[in-house]
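Visitor: Residues per chain are reported as follows:
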Amino acid sequence: MADIAHPPAVAAELRPMSGRRTAAAHLAEIVRYRELLAMLVRKELTVRYKNSALGFLWSMLQPLFLLVVYTAVFAILRAGFARFAIWVLCGLLVWTLISSSLVTATVSITSNAALVGKVKFPRAVLPLASVGGALVHFFLQTAAFAVVLLVTRHPVDWEYMWLLPFALLTALIMCAALALLLAPCNVYARDTMHLLELIVLGWFWATPILYQYERAADWLQAQGIAGGFLLINPATPIVMTFQRALYGADEVGGVALLPDHGPLWYLGILSITSVVCLGLMYVALRVFDRADVNLAETL
Amino acid sequence: MLAVHVVDVSKSFRIATDPVNSLKERILRLGRSGHVEFHALRNVNIEIDQGQTVGILGHNGSGKSTLLKCMAGILTPTHGRVLVRGRLASLLELGAGFHPDLSGRENVYINAAFYGMGRKGIDRVFDDIVEFSELGQFIDEPVKHYSSGMYVRLGFAVAVNLDPDVLLVDEVLAVGDELFQAKCLSRIKQFQAEGRTIVFVTHDAATVRQVCDRAVVIDHAEVVLDGAPGDAIRTFREHLHGNLAERPVLTSDRSVIAGVRVEYGHGEQRHIAPGEPLRMIVDIHPDQPIAEPVLGIEINDRRGNLVFSVDTDGLGASLAPIEAARAVAVTIRRTWLLDGEFPVSLKLTDRASGEVVDWREAVTSFEVTSAGRAEGTVALDVVVE
Numbered sequence: 001m002a003d004i005a006h007p008p009a010v011a012a013e014l015r016p017m018s019g020r021r022t023a024a025a026h027l028a029e030i031v032r033y034r035e036l037l038a039m040l041v042r043k044e045l046t047v048r049y050k051n052s053a054l055g056f057l058w059s060m061l062q063p064l065f066l067l068v069v070y071t072a073v074f075a076i077l078r079a080g081f082a083r084f085a086i087w088v089l090c091g092l093l094v095w096t097l098i099s100s101s102l103v104t105a106t107v108s109i110t111s112n113a114a115l116v117g118k119v120k121f122p123r124a125v126l127p128l129a130s131v132g133g134a135l136v137h138f139f140l141q142t143a144a145f146a147v148v149l150l151v152t153r154h155p156v157d158w159e160y161m162w163l164l165p166f167a168l169l170t171a172l173i174m175c176a177a178l179a180l181l182l183a184p185c186n187v188y189a190r191d192t193m194h195l196l197e198l199i200v201l202g203w204f205w206a207t208p209i210l211y212q213y214e215r216a217a218d219w220l221q222a223q224g225i226a227g228g229f230l231l232i233n234p235a236t237p238i239v240m241t242f243q244r245a246l247y248g249a250d251e252v253g254g255v256a257l258l259p260d261h262g263p264l265w266y267l268g269i270l271s272i273t274s275v276v277c278l279g280l281m282y283v284a285l286r287v288f289d290r291a292d293v294n295l296a297e298t299l
Numbered sequence: 300m301l302a303v304h305v306v307d308v309s310k311s312f313r314i315a316t317d318p319v320n321s322l323k324e325r326i327l328r329l330g331r332s333g334h335v336e337f338h339a340l341r342n343v344n345i346e347i348d349q350g351q352t353v354g355i356l357g358h359n360g361s362g363k364s365t366l367l368k369c370m371a372g373i374l375t376p377t378h379g380r381v382l383v384r385g386r387l388a389s390l391l392e393l394g395a396g397f398h399p400d401l402s403g404r405e406n407v408y409i410n411a412a413f414y415g416m417g418r419k420g421i422d423r424v425f426d427d428i429v430e431f432s433e434l435g436q437f438i439d440e441p442v443k444h445y446s447s448g449m450y451v452r453l454g455f456a457v458a459v460n461l462d463p464d465v466l467l468v469d470e471v472l473a474v475g476d477e478l479f480q481a482k483c484l485s486r487i488k489q490f491q492a493e494g495r496t497i498v499f500v501t502h503d504a505a506t507v508r509q510v511c512d513r514a515v516v517i518d519h520a521e522v523v524l525d526g527a528p529g530d531a532i533r534t535f536r537e538h539l540h541g542n543l544a545e546r547p548v549l550t551s552d553r554s555v556i557a558g559v560r561v562e563y564g565h566g567e568q569r570h571i572a573p574g575e576p577l578r579m580i581v582d583i584h585p586d587q588p589i590a591e592p593v594l595g596i597e598i599n600d601r602r603g604n605l606v607f608s609v610d611t612d613g614l615g616a617s618l619a620p621i622e623a624a625r626a627v628a629v630t631i632r633r634t635w636l637l638d639g640e641f642p643v644s645l646k647l648t649d650r651a652s653g654e655v656v657d658w659r660e661a662v663t664s665f666e667v668t669s670a671g672r673a674e675g676t677v678a679l680d681v682v683v684e
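If you read the protein sequences in the order shown, they are chains A and B. Going left to right, the first sequence walks through residues 1 to 299 as the numbering used here numbers them. Going left to right, the second sequence walks through residues 300 to 684 as the numbering used here numbers them.
Just so you know, the hints here were simulated from the structure itself, not pulled from any lab data. It is possible that some hints are incorrect.
[Unchecked claim] Lysine-lysine pairs mimicking DSSO-like chemistry, simulated, CA-CA at most 30 Å apart: (1) B/K419 to B/K488; (2) B/K482 to B/K419; (3) B/K443 to A/K50; (4) B/K488 to A/K50; (5) B/K482 to B/K443; (6) B/K419 to B/K443.
Treat the numbers as computed from the prediction; the structure is a model and nothing was measured.
Given these sequences and hints, build the entire structure.
Guide: This is the structure:
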């Protein structure tokens with residue numbers, strides 16, 4: 001029961017209920033609603049594993065299963081190089097974070113149409129919660145993968161380990177920015193989600209996950225294009241950092257995998273990518289804010 | 300001190316003549332405007348003081364819900380703006396966003412978070428929410444197993460425990476059983492006593508009379524009246540009549556009762572206050588002479604309950620034989636009805652032949668509007684000593 005003796009504490013000023021905000025004000029509003037964001041992430045996970053006996057273990061089983069499949073397939077095909085399955089998973093885990101957060105974020109507003117039309121809250125939390133959900137998955141899968149690395153005594157490179165938080169942060173900024181761009185697009189044209197599936201597929205092959213960076217760079221060089229061109233893809237530096245630290249080598253059995261550089265070079269490419277993604281984030285906040293004005297009635 | 304200030308708010312929607320939801324169509328139609336502009340609100344200005352309870356009255360499609368959504372910040376006005384002081388909670392739909400697979404408890408936390416409440420804040424009022432919702436141990440059951448009543452109770456329980464400075468309510472009190480409605484109403488009264496500001500959107504005049512200090516009538520996207528609840532309800536009903544003027548009158552095959560006119564006796568006014576006189580002029584156009592005419596009058600309320608019925612025989616008044624068209628005037632000298640619209644049915648019989656010459660169900664209706672706070676159908680003269 002509310003305390004009757006205590007009158008409602010009323011803020012001093014009259015505030016506008018809607019309208020455009022600056023990017024900073026928009027961010028501040030999202031931060032104010034951080035508990036909602038956390039609850040939505042938790043909700044997404046609870047709902048997904050409701051009524052399943054193994055629950056979140058399913059998330060952890062997926063990379064283990066992939067590991068077995070890749071190991072078997074590439075052994076039979078005699079393709080790839082030593083411990084190829086581990087190499088693939090180093091890139092695939094962080095790639096899954098990117099792709100699944102974008103795919104779920106794109107439909108996050110359209111699938112919550114009823115809510116958006118009935119309650120006032122910063123709508124940006126919906127796509128951001130999708131990124132959050134994908135992040136939790138990423139942690140679960142990485143934990144499972146870490147166990148594999150331990151058990152197989154895979155030689156990770158500790159010299160590069162400290163870069164992983166930076167790589168993850170870069171990935172999160174990129175995902176958040178793209179999520180904020182894609183979700184309102186899908187409100188105005190539902191083609192966005194179908195188009196995105198194609199883009200994600202193309203993007204996957206443009207990122208050195210199933211192949212090694214050095215091989216693609218060599219091929220580009222042969223065509224007269226600088227190998228560094230590959231780094232324009234913002235997913236590439238992120239994936240490469242994970243590969244360098246977790247696979248733990250830049251060449252194996254005479255096969256060049258990654259450029260022969262120290263951790264600082266990786267930090268450099270990550271920093272540049274982060275700055276670009278922060279710029280994208282600013283654009284995304286502006287675009288989202290612009291779209292937000294007519295969101296409820298367009299849905 | 301103002302709690303809500305609606306400043307010159309207009310809202311128009313573009314209604315696509317063909318809804319465009321795909322990129323292809325968007326590109327194909329580039330530059331061509333396949334839509335019409337629809338004005339849902341036009342230059343609305345409302346000032347609501349802190350602690351006031353204001354009703355927004357309007358018919359379906361009048362723009363009242365659009366106004367509420369603009370106040371809640373869900374829609375952005377095309378022109379003008381809405382300013383609000385303090386924390387606002389809008390109850391546009393009870394349990395909006397409840398997830399069927401999650402338990403009542405989980406849904407309470409998520410629902411409250413959508414209104415900007417943190418986990419700790421919810422922890423503090425959680426027991427009150429469960430108590431108010433009367434869910435008991437069902438709170439840990441998935442919401443999909445709830446009855447619709449339980450669902451609504453939980454939704455309302457969350458909303459009233461949000462501790463808002465301004466509460467916007469849209470027709471939601473019309474749901475649930477009577478006991479729960481009474482409970483909601485008493486919680487609303489408690490809110491009023493605590494000095495909170497409440498805005499009600501409704502088309503139910505009784506709610507406005509019961510709880511509001513003031514009411515705003517919206518019709519055709521504009522504010523037509525902003526004043527005392529009694530005046531607002533009257534205006535609201537007059538506009539309803541305006542809207543329904545073209546309503547076809549039920550005709551029987553022999554239109555002997557050719558028309559009925561209600562005279563309220565105050566010039567333009569189309570209602571009376573309780574206890575005032577009312578006159579009805581019945582035009583009778585006989586297709587053959589009626590030797591011993593008997594005119595029966597039946598007055599019902601809007602729900603169809605009989606309020607009063609009598610015929611000229613019962614009144615001891617005998618009508619002269621009707622051979623040519625004539626008018627019969629029926630005067631109710633003191634109309635002790637309280638409030639509402641009262642449909643009138645007429646029946647004309649010929650006692651000589653025992654034949655029903657003509658009957659008309661709800662051929663007309665009249666309006667009684669009370670300025671007081673009493674409710675019901677009849678106006679009793681009550682004194683408390």
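Visitor: Does each hint fit the structure? Answer for all of them.
Guide: Hints versus structure:
1. B/K419 to B/K488: OK: B/K419 and B/K488 at ~27 Å, within 30 Å.
2. B/K482 to B/K419: Between B/K482 and B/K419 the Cα gap is close to 26 Å, so the pair holds against 30 Å.
3. B/K443 to A/K50: holds (13 Å)
4. B/K488 to A/K50: violated (40 Å)
5. B/K482 to B/K443: It holds: about 24 Å lies between the C-alpha atoms, which stays within 30 Å.
6. B/K419 to B/K443: holds (26 Å)
The structure does not agree with numbered hint 4 stated previously, though it agrees with all others.
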